[in-house]
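If you read the sequences in order, they're chains A and B. Residues 1 to 329 (this note's numbering) make up the first sequence, in order. Residues 1 to 329 (this note's numbering) make up the second sequence, in order.
Just so you know, the hints here were simulated from the structure itself, not pulled from any lab data. Since this is a predicted model, take the numbers as computed values, not measurements. Watch out, some of these pointers could steer you wrong.
A pair counts as met if it fits within one copy or between any two copies, since identical chains are not told apart.
Unchecked claim - Here are the simulated SDA-like cross-link-like pairs (lysine to any residue), alpha carbons at most 25 Å apart as the crow flies:
{"no.": "1", "residue 1": "Lys-283", "residue 2": "Ser-31"}
{"no.": "2", "residue 1": "Lys-246", "residue 2": "Ile-275"}
{"no.": "3", "residue 1": "Lys-198", "residue 2": "Pro-224"}
{"no.": "4", "residue 1": "Lys-3", "residue 2": "Gly-197"}
{"no.": "5", "residue 1": "Lys-21", "residue 2": "Ala-247"}
{"no.": "6", "residue 1": "Lys-2", "residue 2": "Asp-205"}
{"no.": "7", "residue 1": "Lys-3", "residue 2": "Ala-247"}
{"no.": "8", "residue 1": "Lys-2", "residue 2": "Glu-230"}
{"no.": "9", "residue 1": "Lys-39", "residue 2": "Thr-179"}
{"no.": "10", "residue 1": "Lys-2", "residue 2": "Pro-199"}
{"no.": "11", "residue 1": "Lys-21", "residue 2": "Leu-243"}
{"no.": "12", "residue 1": "Lys-67", "residue 2": "Leu-288"}
{"no.": "13", "residue 1": "Lys-67", "residue 2": "Ser-127"}
{"no.": "14", "residue 1": "Lys-21", "residue 2": "Ile-234"}
{"no.": "15", "residue 1": "Lys-21", "residue 2": "Gly-164"}
{"no.": "16", "residue 1": "Lys-3", "residue 2": "Glu-217"}
{"no.": "17", "residue 1": "Lys-279", "residue 2": "Ala-24"}
{"no.": "18", "residue 1": "Lys-279", "residue 2": "Asn-6"}
Protein chains: 2
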Amino acid sequence: MKKFINQTDSLFDESLQGFAKAHADIITLNSEPCFISRKSSKANNKVCLISGGGSGHEPLHAGFIGKGMLDAACPGQIFTSPTPDQMLAATEAITGDAGVLFIVKNYAGDVMNFEIAAEMIDSENVSVLVNDDVSLPKNHSTGRRGVAGTLMVEKMAGAAAEQGASLEECKGIAERTNTNTASMGVALSSCTVPALGKPTFNITDSEMEMGVGIHGERGHETLPLGSASEIVDIIASAIHEDLQPKAGQSALLHINGLGGTPLMEQYLIYDLAEIYWQKRGVKIIRSLVGSYTTSLDMAGISITLTLLDDELTALWDAPVHTASLRWGC
Amino acid sequence: MKKFINQTDSLFDESLQGFAKAHADIITLNSEPCFISRKSSKANNKVCLISGGGSGHEPLHAGFIGKGMLDAACPGQIFTSPTPDQMLAATEAITGDAGVLFIVKNYAGDVMNFEIAAEMIDSENVSVLVNDDVSLPKNHSTGRRGVAGTLMVEKMAGAAAEQGASLEECKGIAERTNTNTASMGVALSSCTVPALGKPTFNITDSEMEMGVGIHGERGHETLPLGSASEIVDIIASAIHEDLQPKAGQSALLHINGLGGTPLMEQYLIYDLAEIYWQKRGVKIIRSLVGSYTTSLDMAGISITLTLLDDELTALWDAPVHTASLRWGC
Numbered sequence: 001m002k003k004f005i006n007q008t009d010s011l012f013d014e015s016l017q018g019f020a021k022a023h024a025d026i027i028t029l030n031s032e033p034c035f036i037s038r039k040s041s042k043a044n045n046k047v048c049l050i051s052g053g054g055s056g057h058e059p060l061h062a063g064f065i066g067k068g069m070l071d072a073a074c075p076g077q078i079f080t081s082p083t084p085d086q087m088l089a090a091t092e093a094i095t096g097d098a099g100v101l102f103i104v105k106n107y108a109g110d111v112m113n114f115e116i117a118a119e120m121i122d123s124e125n126v127s128v129l130v131n132d133d134v135s136l137p138k139n140h141s142t143g144r145r146g147v148a149g150t151l152m153v154e155k156m157a158g159a160a161a162e163q164g165a166s167l168e169e170c171k172g173i174a175e176r177t178n179t180n181t182a183s184m185g186v187a188l189s190s191c192t193v194p195a196l197g198k199p200t201f202n203i204t205d206s207e208m209e210m211g212v213g214i215h216g217e218r219g220h221e222t223l224p225l226g227s228a229s230e231i232v233d234i235i236a237s238a239i240h241e242d243l244q245p246k247a248g249q250s251a252l253l254h255i256n257g258l259g260g261t262p263l264m265e266q267y268l269i270y271d272l273a274e275i276y277w278q279k280r281g282v283k284i285i286r287s288l289v290g291s292y293t294t295s296l297d298m299a300g301i302s303i304t305l306t307l308l309d310d311e312l313t314a315l316w317d318a319p320v321h322t323a324s325l326r327w328g329c
Numbered sequence: 001m002k003k004f005i006n007q008t009d010s011l012f013d014e015s016l017q018g019f020a021k022a023h024a025d026i027i028t029l030n031s032e033p034c035f036i037s038r039k040s041s042k043a044n045n046k047v048c049l050i051s052g053g054g055s056g057h058e059p060l061h062a063g064f065i066g067k068g069m070l071d072a073a074c075p076g077q078i079f080t081s082p083t084p085d086q087m088l089a090a091t092e093a094i095t096g097d098a099g100v101l102f103i104v105k106n107y108a109g110d111v112m113n114f115e116i117a118a119e120m121i122d123s124e125n126v127s128v129l130v131n132d133d134v135s136l137p138k139n140h141s142t143g144r145r146g147v148a149g150t151l152m153v154e155k156m157a158g159a160a161a162e163q164g165a166s167l168e169e170c171k172g173i174a175e176r177t178n179t180n181t182a183s184m185g186v187a188l189s190s191c192t193v194p195a196l197g198k199p200t201f202n203i204t205d206s207e208m209e210m211g212v213g214i215h216g217e218r219g220h221e222t223l224p225l226g227s228a229s230e231i232v233d234i235i236a237s238a239i240h241e242d243l244q245p246k247a248g249q250s251a252l253l254h255i256n257g258l259g260g261t262p263l264m265e266q267y268l269i270y271d272l273a274e275i276y277w278q279k280r281g282v283k284i285i286r287s288l289v290g291s292y293t294t295s296l297d298m299a300g301i302s303i304t305l306t307l308l309d310d311e312l313t314a315l316w317d318a319p320v321h322t323a324s325l326r327w328g329c
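Could you build all of it, start to finish, from the sequences and the hints given here?
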């Protein structure tokens, strides 16, 4: 295993310390229990958005804390759910009268621990489950996973909260964004979890894992390595089939690198995906290309499409000032 | 070789097409000869900044075109210098009365081709050579290479140009930034150039290449794989020795991923580097963490320190709106 680390068990803390120092102008790190929150006074007049999940997906979620997006994030150890005491402490530290919205990726541990936290909290709070991964069937036993589309949910709901929307309104925006969003990923290599010290799965030089999540698990199926065009065709078709956009529909296209994929290849995938939807009459009016929801050092990409209406477009365009997403301020 | 490509020889074009589509709001792609320019009318009252170099370093340089930074970039094929006709066409397309400043990384091909272009251009123009890589001695036969510090030169000079500085003033800012900047990189893996189809060098699981450039060349020396603290100590010491900052000096600390390195590890390196300089009385007042100057899929990082004064700090903080660096607008 070759990584920039000192000890396997200190990676989490040291990386968080670096994050906190590099972005001390916008966030504050609380150590025990661990949560990262927006550097501002308690927001009495604003709905607070809290997300969280295992580490190893950086910049998700802490990189999206700040004006117009999240108010706090609770990081677990690598690929491990945070514990309810973290969500409870974050909620108590930042939430005012307007209530709190939990944004939760659909993984068993995250769902359970956010639910426990919700029960422990007195004040009004609601949760939204993100499940944008269309590599699993809609009727999958544990439901579809939440992957790169989580960013869109956090951005849209965060903008609404910043503009003074109520808790119910923020929840509605988050759910509509989730419904309008579909993602699917592919890996050319496994990631290596530090505590394990070796790749989580084996794959030959002539294979790819289609339909991977973001926790180093195997994909939905192992396929012969395809060209970029073949890969985009498989993924975009699955997304298109799921969302069934009408001709003339506007959309946001997000190409996400899974941690070990250079930007040059991500832009190539963007080109092919844009052509795919352009041929089907879908108008790509917004774009995001980069490694935003990662799986440690995995060489892979995911494609996310979010169908836009005027309201969602305006929420996407609204000012945001976080460590990893910033415009308009 | 596992990459998201169709044909090796179409990667360059397809990736550029994707870039142009994703950022059509701020840049325009010209195909023959190939250059990317800021989407705005000819700037008669502003010094124009043009940079360029081989591809494979994305987002450098095209990702830094826009308000407050570059006016145009000329990309060569992967790790290959652009040709003088590209710089000439870019210059003719965008430069007005205030003249043009070429920002050139110190590599033989880039230097030669920018020099030829400069000779072919009638209007006033000057060049600045970036040579921030301290892994090579100051008296190295071909001089030190230009690496991740190029971003700082482009940002500072770009902000000055945006504010109406003259050509000589912009050149002065660029040269001062270059003098105040030192970088050094390390690789845990080789990158794989698509046309070659295999890693450009071999390295065992227990080795690291210290002092790498950004073209897949071997480092200054092959060392036993060290801990993150040991790596930071080697690199930061070389930078500190070169810049010799006094106690109380303010600085910008940039941790750069070389393409295959997750953000989580980059933040850990940031933490350690910040501690290194904090112990020596250097005040890190600005930060940048991310993969901005890459070497295809190389797993590696570089550390860049730029000594700041009030003027350079203000130029760093000035509004910038490019594909990969954006704040204040």
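Hints that the structure is at odds with (numbers, increasing): 7, 9, 15
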